[in-house]
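Undergrad: In this text, residue positions in the sequence shown follow our numbering: the first is 214, and each later residue adds one.
Just to be clear, a hint being listed does not mean it is correct.
Once the Cα atoms are required to be at most 25 Å apart in a straight line, the calculated SDA-like pairs of lysine to any residue come out as [what the hints assert, rightly or not]:
1) K312 to A356
2) K248 to N300
3) K375 to Q394
4) K264 to I332
5) K368 to N379
6) K252 to S360
Quick caveat, the hints were computed from the structure, so don't treat them as lab data.
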Amino acid sequence: MIGSMEYEIEEDVDHVYEVSENSILEILDDYSEVKPYVKETISELRSNGYKIGSTTGYTDEMMHIVAKKAQENGYEPDCWYSPTSVNNYGRPYPYMIYKNMQQLNVKSVEEVIKVGDTISDIIEAKYAGILSVGVVEGSSIMALSESEYMELSEKEKELKRKEVKNIFIEGGADYTIDNLQELLGLLRRLNVKQ
214 MIGSMEYEIE EDVDHVYEVS ENSILEILDD YSEVKPYVKE TISELRSNGY KIGSTTGYTD
274 EMMHIVAKKA QENGYEPDCW YSPTSVNNYG RPYPYMIYKN MQQLNVKSVE EVIKVGDTIS
334 DIIEAKYAGI LSVGVVEGSS IMALSESEYM ELSEKEKELK RKEVKNIFIE GGADYTIDNL
394 QELLGLLRRL NVKQ
């Protein structure tokens, strides 16, 4: 009887995952947007010789939608990898980072910094042995849309940023930045080579 219940639970979990994945695929094109300062920051990073790799929790099927939308809005990494490309060993496993390194011909983890907006990004970086930077504004931790965030008073924004920074630091982030506009300054302070 217990074996039968386990099978039913596994079947239910698979069904919930399938329904949620299909729902995400239906709305992804409508809700995918490039976050503030991404285009400008990526452009400046590239002009300084940096390579841009990306990892995601989305499947390849989802990423084809997201990547197309991002490209239409001016952002395209040099390469990206999803769990699909690493036999479903996505975050927190470090393999998507290593695939990026291989594709971008990066020899050492000391030459890589992971910039992310989730604790999973930070843990992935730790497992890969690289520095991590948590991006506060627009993060899943902040859990506010851009318009909701903009409606906050300056004091409320400051308190929310501080709260999210603390969560990132407690989660293992080496550094935090409010938004991507601050990334280049951080890289200069760290004297990171491209």
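Undergrad: The structure should be examined with respect to each hint, and the outcome stated for every one.
TA: Hints, one by one, checked against the model:
1. K312 to A356: Violated, at roughly 29 Å.
2. K248 to N300: violated (29 Å)
3. K375 to Q394: Given that 25 Å is the threshold and the Cα spacing comes to 17 Å, the pair holds.
4. K264 to I332: The given pair, whose Cα atoms are some 23 Å apart, holds under the 25 Å limit.
5. K368 to N379: With a Cα-Cα distance of about 17 Å, the restraint between K368 and N379 holds, given a limit of 25 Å.
6. K252 to S360: holds (19 Å)
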